[in-house]
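Participant: Okay, here's what each chain looks like letter by letter:
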Amino acid sequence: AQKITQTQPGMFVQEKEAVTLDCTYDTSDQSYGLFWYKQPSSGEMIFLIYQGSYDEQNATEGRYSLNFQKARKSANLVISASQLGDSAMYFCATGGGTSGSRLTFGEGTQLTVNP
Amino acid sequence: DGGITQSPKYLFRKEGQNVTLSCEQNLNHDAMYWYRQDPGQGLRLIYYSQIVNDFQKGDIAEGYSVSREKKESFPLTVTSAQKNPTAFYLCASSIWGDTQYFGPGTRLTVL
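Residue numbers (our numbering), protein chains in the order written: chain A, 1 to 115; chain B, 1 to 111.
It is worth saying that the hints were derived from the structure and are not from the lab. Fair warning: this is a prediction, and the values are worked out from it, not measured in the lab. Possibly wrong hints are sitting among the right ones.
Calculated lysine-lysine pairs in the BS3-like style (CA-CA distance at most 27 Å, straight line) [unchecked claim]:
no., chain 1, residue 1, chain 2, residue 2
1, B, Lys83, A, Lys3
2, B, Lys57, A, Lys3
3, B, Lys14, B, Lys71
Construct all of the structure, not just a fragment, from the sequences and the given hints.
Facilitator: The following block contains the structure:
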């Protein structure tokens, strides 16, 4: 079984600053993927970034980067230069390995960007 | 434009009624999924389908049913056996083993 833990129910950041959202995972699979999704108040889930367990480099997508520490089983999302539009719920998820395409989600972190 | 559509956006149901939520995709993805989200919580997998005419139960399948007669469509029926159906329902699709992309969701309320 796979499990995701997001320990920060809410985070606040000033506009233009960087913020790190924490995610730890638990899996017995050797091969797996880690995903981050953004959910604005409208409800849709927007894919942000993916990290494969065998990827040696940390994934980056524009202002998003994933700080992957395999030994610690952590996959933190870093958002640089926060914008007001970044205010949303952020979910970490894992899948792959014996789970195939099935994803297991954490409970999310509500990020608020202050002007 | 390729994407996933879900309808309706809001749905109200009386207790004891079955209701069907629609999910359509034109991304040519083989795999489709249904998730449930309760307030302040993450997503939980209800059912998924890797290919047409095949589907598997997820973690919380009781009280739900699905069909997959066409590649593009994966409707979810919430039956009267589902004890607490009020929730936000999200459909997703993917190439199997690849990133899942989500529709806009349907908010179901039982009156």
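Participant: It remains to establish, for every hint, whether it holds in the given structure.
Facilitator: So, going through the hints one by one against the coordinates:
no., hint, verdict
1, B/Lys83 with A/Lys3, "holds (26 Å)"
2, B/Lys57 with A/Lys3, "holds (18 Å)"
3, B/Lys14 with B/Lys71, "violated (31 Å)"
The structure does not agree with numbered hint 3 stated previously, though it agrees with all others.
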